[in-house]
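Here is how the chains run, residue by residue.
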Amino acid sequence: MSSIVVSGDTSGTVTLSAPAVAGTTTLTLPTLTGTVSLATRTVQVFTSSSGTYTTPTGCKAIWVRLVGGGGGGGASATNSGSTGGNTTFGTLTGSGGAGGGNWSGGGAGGAASNGDINIVGGGGASGGTGTTAGSIGGQGGSSAFGGGALGAQPNNAGFAGATNSGGGGSGGNNSYPAGASGASCIGAGGGAGGYVEKLIASPSATYSYAVGAFGAGAAAGGQAGGNGGSGVIIVQEFY
Amino acid sequence: MNKYAIVKDGVVVNVIEYQEQPTTPPSGFEEGHVAIQADHVSPNWHYVNGQFTDPNPPVLVEMPAPKSLTDMILADPTELAKLKQALGIS
Numbered sequence: 001m002s003s004i005v006v007s008g009d010t011s012g013t014v015t016l017s018a019p020a021v022a023g024t025t026t027l028t029l030p031t032l033t034g035t036v037s038l039a040t041r042t043v044q045v046f047t048s049s050s051g052t053y054t055t056p057t058g059c060k061a062i063w064v065r066l067v068g069g070g071g072g073g074g075a076s077a078t079n080s081g082s083t084g085g086n087t088t089f090g091t092l093t094g095s096g097g098a099g100g101g102n103w104s105g106g107g108a109g110g111a112a113s114n115g116d117i118n119i120v121g122g123g124g125a126s127g128g129t130g131t132t133a134g135s136i137g138g139q140g141g142s143s144a145f146g147g148g149a150l151g152a153q154p155n156n157a158g159f160a161g162a163t164n165s166g167g168g169g170s171g172g173n174n175s176y177p178a179g180a181s182g183a184s185c186i187g188a189g190g191g192a193g194g195y196v197e198k199l200i201a202s203p204s205a206t207y208s209y210a211v212g213a214f215g216a217g218a219a220a221g222g223q224a225g226g227n228g229g230s231g232v233i234i235v236q237e238f239y
Numbered sequence: 001m002n003k004y005a006i007v008k009d010g011v012v013v014n015v016i017e018y019q020e021q022p023t024t025p026p027s028g029f030e031e032g033h034v035a036i037q038a039d040h041v042s043p044n045w046h047y048v049n050g051q052f053t054d055p056n057p058p059v060l061v062e063m064p065a066p067k068s069l070t071d072m073i074l075a076d077p078t079e080l081a082k083l084k085q086a087l088g089i090s
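Chains A and X supply the protein sequences, listed in that same order. Under the working numbering, the residues of the first sequence are numbered 1 to 239, in order. Under the working numbering, the residues of the second sequence are numbered 1 to 90, in order.
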C-alpha cells in the first residue's frame, strides 16, 4: 500500500493511503475553499416541553421532522375530546388534531405548514347514535407516524393514541354487544396532528421549539374517550 | 408530567407537557406568555378569571328516547301488520 505523508506547519502529520486493492480509482476534490469533513451525524429527539434548540458547533445542515399532538376521543355521550397542542420548531408548525365529538363527525386532522413536506393529520372516525349492536367505536386518526387508536369494543372506553405519534384517541363506545338490543351511541375519534418535514441547510444558531401535548379524551358521559398521542420533534444534524 | 396551557392575553395559544411548573414566560416563549396547569383544555380557548372556556362549545344534541313497540304501533298502525307478517301471524 502506497502512502503520502503530509507534515503539518508546526507539528503532526496527515497520511493519505491508497487502498490495497486492484484497479484504478480517482478522488476529485471540490473546487471550493473549505474543510473536507468526514460524514458524521447526530440526532436529538424532543418528546415534551418547550425551549431553545442550539445548533451544534460545526453542524452544516439539520433535517427536522415533527408532528402535532393528537386529539382526544369523544365520550359516547355529553363530552367532546380536547384538541392536541401545536408542535413548533422555528416557523415549522404541526398543529394539533381536533377532539372527537359525541355522536358527531370525527375530529379533523391538524394542519401543517412551512416544511418541504406538509401532511395534514388524518381525521378521526365518526361516532353516532342508534348504532347497530356490536358497533366499534370511532377510531383515532393516524398521523404520518401512524399511531391512531383502535376503535373500542362495545361498552368500553376509548383507547389512547400511541405516545409521541400524534395519533388521535378513539371514542367511547356505549353500543350494545352483538345480539343485544337497545339504544346505543358511540363517540368519535380524535384527529391526528399535522406532520412537517424540512431540510435546513446553513441553519441558524438557535430555534424556539415546543412539543404539543396530547388532547385529553372526553370524560364520561357514557364511556370516556381515549387520550391522543403527544407530539414529537426529531432533529438530525449533519456535519 | 403535567399538561399546561400556554396563555397570552387571555387566549390559550398552545398546550404542552412539562415535568414541573415552567418559568414565566416558559422557555422558548416570549414575554407575556404564562403556563397554567390544565388537563382538559384546547388551543384557542379563553382564560378569564381563572376559568377556561370554549369560545365555540359543541352543540349538545338530545338523544331521542327509544320507542317502545306499543308506541310505534300506535304511531303507525301499519307497523302491526309488519310485525304480524314477521311473526307469521296472519
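Keep in mind that the hints were calculated from the coordinates and are not lab data. Don't take each hint at face value.
Unchecked claim - Dumping the calculated SDA-like pairs for lysine to any residue here, alpha-carbon to alpha-carbon at most 20 Å: (1) X:Lys8 <-> X:Pro58; (2) X:Lys8 <-> A:Gly90; (3) A:Lys60 <-> A:Thr47; (4) A:Lys198 <-> A:Leu16; (5) X:Lys8 <-> A:Thr91; (6) X:Lys67 <-> A:Tyr176; (7) X:Lys67 <-> A:Gly128; (8) X:Lys8 <-> A:Gly51.
In this text, all values refer to a predicted model and were calculated from it rather than measured experimentally.
Against the structure, the hints:
Of the pairs offered as hints, the one joining lysine 8 (chain X) and proline 58 (chain X) is violated, with about 24 Å between alpha carbons and a cut-off of 20 Å exceeded. Simply put, lysine 8 (chain X) and glycine 90 (chain A) have alpha-carbon atoms about 18 Å apart, close enough for the 20 Å limit, and the pair holds. A threshold of 20 Å between alpha carbons decides the hint, and for lysine 60 (chain A) with threonine 47 (chain A) the separation of about 24 Å lies outside it, so the pair is violated. As the CA atoms of lysine 198 (chain A) and leucine 16 (chain A) are separated by approximately 36 Å, the hinted pair breaks the 20 Å bound.
Straight-line distance between C-alpha atoms of lysine 8 (chain X) and threonine 91 (chain A) comes to about 18 Å, which keeps the hinted pair within the 20 Å bound. Taking the CA atoms of lysine 67 (chain X) and tyrosine 176 (chain A), the gap is near 17 Å; set against the 20 Å cutoff, the hint holds. The hinted pair formed by lysine 67 (chain X) and glycine 128 (chain A) meets the criterion: a straight-line CA distance of about 18 Å does not exceed 20 Å. Taking the CA atoms of lysine 8 (chain X) and glycine 51 (chain A), the gap is about 17 Å. The hint holds against a cut of 20 Å.
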